Structure formats: C-alpha cells, structure tokens
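Once you've looked at the hints, dock chain B against the given chain A.
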Amino acid sequence: MSVQADNRRLVRRLILGCVLMFGFGFALVPLYDVFCEVTGLNGKITNTGPVALSDADTSRQIKVRLLAVHNEGMPWTFGPQQGVILAHPGEMKQTAFVASNPTGRRMVAQAIPSVAPAEAARYLHKVNCFCFEQQALQSGESVEMPLLFVVDKNLPAHIRSLTLSYTLFDISQQTVNTERVEKEHAL
Amino acid sequence: MSTLDTALHGDEQMHHGPARGLGRWLFTTNHKDIGTMYLWFSLLMFLVGGSMALMIRAELFQPGLQLVEPGFFNQMTTMHGLIMVFGAVMPAFVGLANWMVPMMIGAPDMALPRMNNWSFWILPFAFAMLISTLFMSGGAPNFGWTFYAPLSTTYAPPSVTYFIFAIHMMGISSIMGAINIIATILNMRAPGMTMMKLPLFCWTWLITAFLLIAVMPVLAGVVTMMLMDIHFGTSFFDAGGGGDPVLFQHVFWFFGHPEVYIMILPAFGIISQIIPAFARKRLFGYASMVYATASIAILSFLVWAHHMFTVGIPLAGELFFMYATMLIAVPTGVKVFNWVATMFRGSMTFETPMLFALAFVVLFTIGGFSGLMLAIAPVDFQYHDTYFVVAHFHYVLVPGAVFAIMAGVYYWLPKWTGHMLDERMGRLHFWLSFIGVNITFFPMHFIGLAGMPRRIPDYALQFADFNMVASLGAFLFGLSQLIFVWNVIACVRGGRKAEARAWEGAEGLEWEVPSPAPYHTFSEPPKLPESLR
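Protein sequences, first through last, are from chains A and B. Residue numbers for the first sequence follow our numbering, beginning at 1 and rising by one. Residue numbers for the second sequence follow our numbering, beginning at 1 and rising by one.
Isolated chain A (complex conformation):
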C-alpha cells in the first residue's frame, strides 16, 4: 500500500505547513514592529536617548505642533504648555505637557506618541519624554511632564511643519502589562 504511505508523508508535511503558518501569524507581530521602525510607519518614534549636539541649522525653521488626545473615557485633563514650537533643525527644545487627575481615585496613564507626516518620524529625536514611562497620579494631583527633543538636521527640505501627538490611555486596570512597554521604550 504505497499510496497510503505517500498519503501519510504528504499529510505530515501539510500539517507541518499549517503549524508553521500559525506561527507565522504570530511572528507578524514582531515583524510588524521591525517594519514600522525601518519605515517610520504609523509615526512611531524610535530615536530616543541622548544625542550628540552640533550647530543648529538656522537657515530654516520647523513648526512643531503639539497635540494632546484623550483615549475614550480618559477623565484626566491633559494638554501641552505651548501648542506650537518653532525649532531650528539641530536645536534642542524643551517644553512640557500638563496633566491632572480630577477623579477621586489614584490612576495610572500611559501616553503613546505619534508623528505626522510619518516620513518625519525618524527625524525627531526625543532626548527625554514623559511617554518613556507610565504616570501615576493621586486624586486631585497634577503634574508637569517634561519633553526634550531635537529635530534632525537631515529632515527633508519639503517638510516645514510636523505634528507630535500624544494619546493618553487609562491603564489603571492593566498596569502589569505596561511594564513590558516601559522596557521596550527604554531600549
């Protein structure tokens, strides 16, 4: 019965193929992150940490808009100190976002940044950002959260303004999960 042996061998291979494709579905998750990093897709910012400063390019000025977005049901007040910052490429700029917790309980929040246009994402270095870690506020407490950034001198000439937006998520329920995010952002 060689047909049966053939069938068995074929079925084994096909099932192996299925298992591999199931794994591939999950492998898409890290692959997607790598892909986003390489292409700046989704405006994910990957340039973080200290930068070597050199002379600022004073010949042009970039308009950086700062936006604050509340994810659904997030009761905090949250907004930038300045809505618009004018920055020369290569110049270090400091500003802050202000958040306060008007509720009667302790809450934990995580801000997720995004840059538009996505093309500009990899030219924005964040030296320090409150989004690197989660923020816990007691009831009625408010905080000024610092942001330190540099627009890269290699920013393409056709980009004259860019938007840095933060969405604030309520993660009080799932603080455990965010430790993973913290690690990722810290890397």
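Honestly, the hints are just simulated from the structure, not real lab data. Predicted, not measured: the structure shown is a model, and the values here were computed from it. One or more hints might be untrue.
Claimed, not checked - From the structure, some residues in chain A lie toward chain B, with a derived Cβ separation under 7 Å:
1. Gly17
2. Cys18
3. Met21
Glycine included, each C-beta is placed from N, C-alpha and C at the ideal position.
Here is chain B on its own, set in the frame of chain A:
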C-alpha cells in the same frame, strides 16, 4: 453465499450500497455522501445568509429607521458576511470537490475518507455556535465580517468568544478539507493522468487548497490574539499596552486577500469545465490557464494592504500595493481571454449551466474592473468603505462565485441524480437571477461613488431612489432562489433519464460512469478515454 462473500472480501462496504437510516450520513466515509451533505449544508446556509441580506435590504428600502434597531442591523451585516463566506461559498466548493475530484481523476474515493467525514461534521456545530449568538444577551457579533480590532475586542458584545471558537472550528474544517483534496489529487490519479492532463477544476482546487493551508492558520492566529486580548490581558491590538490596532488589519488581510481567491479560483475551474462542453471545443490555452491560476495565487500574498490604503501607509507602500494589485489583472485577463477564445467559432448551445457560465464571464469581468478602480490608491480614498466597495465584491461573489456554483450544480446534477433537470425552470431561474442580481448591485456603484457609506442602517435622502431599486432587485433575486431549490428537489425526485454522458459535448472521466453515478466508482483504475490520452 453472502457469508462466503464477506469472508472472502472482508470489507463489506466495498461491495454494497450505502447503509440505511441516519447512520449512513453520520458515519459515512463515501466521498459522494459527504459531497452531498456539504452541498445541502451550503444551500441551507445560503438561504439563511440570504434572509439576513433581505432584512438589510428591507431596512434600506427607505431612508430613516423603519424595521430594525441599528444594533440588530449591524448584527445582520456581520452575520450575513460570515455565513455567506464561510457557510455558503466555501462549503459549496468543498462539496463539489468531494463529489467531482475523485471521479474526474479516476480515484475510488478521497485519499483520507475518515478525515473527510470529520471535516464535514465539524461545520454544523461551528455554525450552530455562530448562529446561537443571535439569541444571547448583548446580541450577535456586530463589528462587520472583517471584525477590525478594537471594535471586535474592547467594544465587542460578550458573544465574541463564541464567534472566535466558531471561526477556529471552521478553520480546522477547511484545513482538513484542503489536506484531503491535495492528497487525493497528488496521490490518487488514475495511471496516465499526468498533472498537465488534470481537469481544470482539479487544478484550480489544488491551488486553492494550498492557499487554504497557507492562510487559514493565520486567521486562526488573529482570532487567537483577539481571544488573548479580550480574556488574558495581552495587548496585541491595544495601543495603551504597546500594541497596534493597525496590526490587526495587516494580519487579517494577510489572510483575507488570499481568502477572496479561495472563493473564486474553484469558480474559474467550474467555468473552465462548462464552457468547452457547451461550445463543443477543447478549452483554449489549457497550460496558460494553469499558470494563470498559479500566478494569481502567488500574487494574492503580495497585495493585502490595498484593503488599507487609508490607514496611513508610506507612499512607497501605497505604490507597491497599487501596482501589485493591478498586476493580478494580467493573469485574470488571460483567463477571460481563454474562455472567450474557447467559445469563438464553437458550436454553442445555451442550456442552463452554460447560461450561468456566460453570465459569470460577463459579470465577473465587471466586478474585476471595479476592483481595478479600487486598486488605484489615490482614488481609493474616495471609494473606501462606500457602497462602491459593496457593489464590487458582490459582483465578484454573487454573479461570480455563486453563479459558478449554480452552473456547476446544474451541470453535474444529471450525474448525481440520474435525471435531467427541467430546462424551462432552469432558464426561468437563470433569467430572474440574472436580472435580479444586476438590479440589486448595479445601482450600488452609483450611490457608492456619490458617497453612501457601507454598514449604516440609514442614509441621506439623495440616495433614496437607487436604494429602493436595489432593495426591489434583492427581493427578486432572493425569491428566485426558491426556484433553484425547487429545481434541485424536482431533479432528485424524477425527470427524464440522464445518459452517462448527460451533455453532448461534455468530456472527462466523470462522464464515463453511468448516471446516476454508482455508490462506488473506479474501484479499479480506469483506462483513460480518447480525449484524455
């Protein structure tokens, strides 16, 4: 004597007809029985999903909210899509493959008959579970058949878990069916039936089966991620936890785009069997058909993001997916050319299967062209999520896949039942369906281009006339399917006796066995007929 026979041959089943009673259907391993069950099941699901479509069209008959709650409307659009895709079209193709593939290649049965029984019997349970969500508190899934996160995770009704497990079961069933078909076609062909002599229906199904094996596990993966996000606190699709909702769309469409070819490639195969039979000519460009099918299948893995042009892909991505999508029009064009060239100077007759096949060629091509329009990234921003998309995919799925299935059923019914169908009733069914389908879906192009969004129970007043026309067409199309049911039942019960070669121009091994096909065919490998040598 019979004890002697049993003692001699051991395997009683090989020499007797089917068992009696319910047990025949529950425990059968016969490819014809299982094919029949698949086809009846898919007909039932087609009617259930169709009733849901009629509920949608009844609500959209006039602007404003008349008949159903918006929440229930959303459940109807979701369930209609899921039931038609996974319950009607896919099982119908598997049923046709079960019946016809072994008979076309000269095999006694499918390669793995017991797994075959299992892969069918999972389906009724999967769909019972899916449909039962309609009666649960919170209602059935209401997030569209594409179940984008976080609509299907954070904001989903509690019944989403039932939906996830139903999808898992359907996936397992499809994968087992695909494994079986690959094993049958690769290992069970009659001597002399080389790969390049394989009937095209077998070729297209072989390629479809590989697509199923490649993408159904990815679908299982994406619903598993949803399950973990909902119940186990992970954040695959939750930005607050470091995930990304857009990731869902990438993984889903990595499955979803090959899936649309899973629903059309077997249809190409059926049409490639029928047109030569009624044009009384050999299929034009057999080899190019095989290569075209394979290239469509390969390209289908490289175009998924054309469903997501508006989510914010980099320009290079938009361009890549736009051109890759347009490239698919080339092998598809080869196929349409070959069908037309087959008919050219043929001695055509227009029996019911041929009418459906001809309507397929014309209307599928219309659906293909509107697909090309949607492939153009800059204009897709206007068409995205409008009724233009609805018109496009219904043109490729209803007069595409569904008409091909009906053409196949009418073509092979004489072989299954031993009776010819009532041609007059068949033609009546064809013309009412043909007119109904166009009245339903053609106006949707216009209201889509004018900006009517899909999946919304109400609409602006300027869309009222075309919506009324579409709803009237939908009821005409829906009700005329009762003629189809009547036709099939009448043909099972009686009619003019069919000959072994039921259609004059039909070629292939399946027409060498008597009609109705005996319970066991090709227990001994057949000698190939002249036309296949």
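We went through each hint and held it up to the structure:
1. Gly17: Cβ of glycine 17 of chain A sits 5 Å from chain B, so the hint holds.
2. Cys18: holds, 5 Å
3. Met21: holds, 4 Å
The earlier numbered hints are all upheld by this structure, with none contradicted.
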